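Novice: The lines below spell out each chain.
There are 2 protein chains.
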Amino acid sequence: MTQSYSVAVIGLGSMGMGAALSCINAGLTTYGVDLNPVALEQLNKAGAAATGTDAKAYAADVDAVMLLVVNAKQVNTILFDLGLAAALKPGTAVMVSATISADDAKAIETKLNEHQLLMLDAPVSGGAAKAAAGEMTIMASGSEQAFAKLQPVLDATSAKTYNIGTEIGLGATVKIIHQLLAGVHIAAGAEAMAMAAKAGIPLDTMYDVVTNAAGNSWMFENRMKHVVNGDYTPTSMVDIFVKDMGLVADTAKSLNFPSPLASTAYNMYLNASNAGYGHQADAAVIKTFSGITLPGDEA
Amino acid sequence: MTQSYSVAVIGLGSMGMGAALSCINAGLTTYGVDLNPVALEQLNKAGAAATGTDAKAYAADVDAVMLLVVNAKQVNTILFDLGLAAALKPGTAVMVSATISADDAKAIETKLNEHQLLMLDAPVSGGAAKAAAGEMTIMASGSEQAFAKLQPVLDATSAKTYNIGTEIGLGATVKIIHQLLAGVHIAAGAEAMAMAAKAGIPLDTMYDVVTNAAGNSWMFENRMKHVVNGDYTPTSMVDIFVKDMGLVADTAKSLNFPSPLASTAYNMYLNASNAGYGHQADAAVIKTFSGITLPGDEA
Numbered sequence: 001m002t003q004s005y006s007v008a009v010i011g012l013g014s015m016g017m018g019a020a021l022s023c024i025n026a027g028l029t030t031y032g033v034d035l036n037p038v039a040l041e042q043l044n045k046a047g048a049a050a051t052g053t054d055a056k057a058y059a060a061d062v063d064a065v066m067l068l069v070v071n072a073k074q075v076n077t078i079l080f081d082l083g084l085a086a087a088l089k090p091g092t093a094v095m096v097s098a099t100i101s102a103d104d105a106k107a108i109e110t111k112l113n114e115h116q117l118l119m120l121d122a123p124v125s126g127g128a129a130k131a132a133a134g135e136m137t138i139m140a141s142g143s144e145q146a147f148a149k150l151q152p153v154l155d156a157t158s159a160k161t162y163n164i165g166t167e168i169g170l171g172a173t174v175k176i177i178h179q180l181l182a183g184v185h186i187a188a189g190a191e192a193m194a195m196a197a198k199a200g201i202p203l204d205t206m207y208d209v210v211t212n213a214a215g216n217s218w219m220f221e222n223r224m225k226h227v228v229n230g231d232y233t234p235t236s237m238v239d240i241f242v243k244d245m246g247l248v249a250d251t252a253k254s255l256n257f258p259s260p261l262a263s264t265a266y267n268m269y270l271n272a273s274n275a276g277y278g279h280q281a282d283a284a285v286i287k288t289f290s291g292i293t294l295p296g297d298e299a
Numbered sequence: 001m002t003q004s005y006s007v008a009v010i011g012l013g014s015m016g017m018g019a020a021l022s023c024i025n026a027g028l029t030t031y032g033v034d035l036n037p038v039a040l041e042q043l044n045k046a047g048a049a050a051t052g053t054d055a056k057a058y059a060a061d062v063d064a065v066m067l068l069v070v071n072a073k074q075v076n077t078i079l080f081d082l083g084l085a086a087a088l089k090p091g092t093a094v095m096v097s098a099t100i101s102a103d104d105a106k107a108i109e110t111k112l113n114e115h116q117l118l119m120l121d122a123p124v125s126g127g128a129a130k131a132a133a134g135e136m137t138i139m140a141s142g143s144e145q146a147f148a149k150l151q152p153v154l155d156a157t158s159a160k161t162y163n164i165g166t167e168i169g170l171g172a173t174v175k176i177i178h179q180l181l182a183g184v185h186i187a188a189g190a191e192a193m194a195m196a197a198k199a200g201i202p203l204d205t206m207y208d209v210v211t212n213a214a215g216n217s218w219m220f221e222n223r224m225k226h227v228v229n230g231d232y233t234p235t236s237m238v239d240i241f242v243k244d245m246g247l248v249a250d251t252a253k254s255l256n257f258p259s260p261l262a263s264t265a266y267n268m269y270l271n272a273s274n275a276g277y278g279h280q281a282d283a284a285v286i287k288t289f290s291g292i293t294l295p296g297d298e299a
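Residue numbers (UniProt numbering), protein chains in the order written: chain A, 1 to 299; chain B, 1 to 299.
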């Protein structure tokens, strides 16, 4: 099945690069699209069929497109403003894996349908390491045909694909609720580590205790390592959670539903971004707590 | 070493029972104390040297006492009001494993010292299953002598003992900061699952997605199972987190430090308790979200 299957992966950031490499590893004919020449070069060396800055160049050749860009605006720009949707063969499957609102997902579906294209509303999770290993978690909704057409891509990139239902928007909502947890967990980790610093607890000890006890979370273990090491080089940055917690807030409003913890965490990320930490690792939300000395701070 | 080593475990709830069973399994001469005759009978059958409602009966025989009661008030009542401390041999080690404030821990130390008793400030984590397996996580502070005297008990009951330092109160503070995370994670899980219910996401699917993705936490995985199953039989109840998040608030105030997420979660538990869910499983904090139908609700 995979012999003649071609996919274009658009957006070669930490998740997209991993997904594209996984497609190559699975034997799919893989095209890579990004504006960053370093990423294109990396994918070329790994065995991409071709790479470039304009996805339309590969539109006639592909069975599927996987979009791993940052937000709905980028999805719309690539598909509609730059004309990719119009250039794709009818029946091509478009897997939208950016974290976007359910409303945006539905609007994109409507426009893709006008071009006889299949859509899978398919956000992802797992981090860069899992993406590179072909072990992302995919939370997807869409038609049976969309799932079927994308099966080789889902097999190549994910350890587990959840079929949430046929309605476009359900995948987006599950991802946003997932991000509520991810965002609260990072902010809670920062709050806890900041309080430990204030109390004179060695942060490496606090980290070890939590990661071996019931207070642990995936995000605490992954992100508070930045705090212990005093290294805020981003794999995912504060401004990503400003965006994602903003989507949580939009979703909560649209559902007319309270989100006390997510709202609080959103304010913490906003404050961190406004303090100048937007482009640092998301764990830098801890830097908004004053009156403490953290690893890496000037003595 | 363990042949002639005797320990009294006081408080045979879910953690204390597990710890006492682990002491028996490790070959320690183990006395069990509780007010609940069912727990005493269970420990007797498992091979306790003796069980009863008054710890003083075993005071002359034990090398160590492990207190796994609910709060500082109970610790003080047992040790000082009921006269256990006065009855223990000088040099006996008292391991205080209740979740209490650093100030309470220091006050207990002062009074134990008057009786020439060693204190280990040693809260625990891990849940009932880990306690029964002798695999609790212990976060301890105290003198070298206290650690040494309690080594057989620490070996019997824990997979990992952290030595936070010599100062009594550090163990208590680490546990309280750990509970900040545990309490926020349960409340965040409830907020996320409630929002999923409102959005029409099947909760078993939402649970599966999160537990296989980066939004997972130990508490989400353990406690949101109650929500999916519609079963709020408590292993740990809402009122425990009313108490523990109250300790977080006290600690934050004493450190003059903000705790935006912990404060929000504390209010959620208070509200749940006042709504009548105090003695249900802590996941019942989700029941304070209105306008949704949860598994187990009347159709």
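Treat the hints as calculated values from the structure; they're not laboratory data. None of the values given here were measured: they were computed from a predicted structure. There could be a bad hint or two in this list.
Heads up, the list lumps identical chains together, so a pair's fine if it works in one copy or across two of them.
As the list claims (entries may be wrong) - No farther apart than 20 Å at their CA atoms in a straight line, the calculated lysine to aspartate or glutamate pairs in the EDC-like style are these:
(1) 243 <-> 61
(2) 160 <-> 204
(3) 160 <-> 208
(4) 106 <-> 239
(5) 45 <-> 63
Novice: Which of the numbered hints are not met once you compare them with the structure shown?
Specialist: 1, 4, 5
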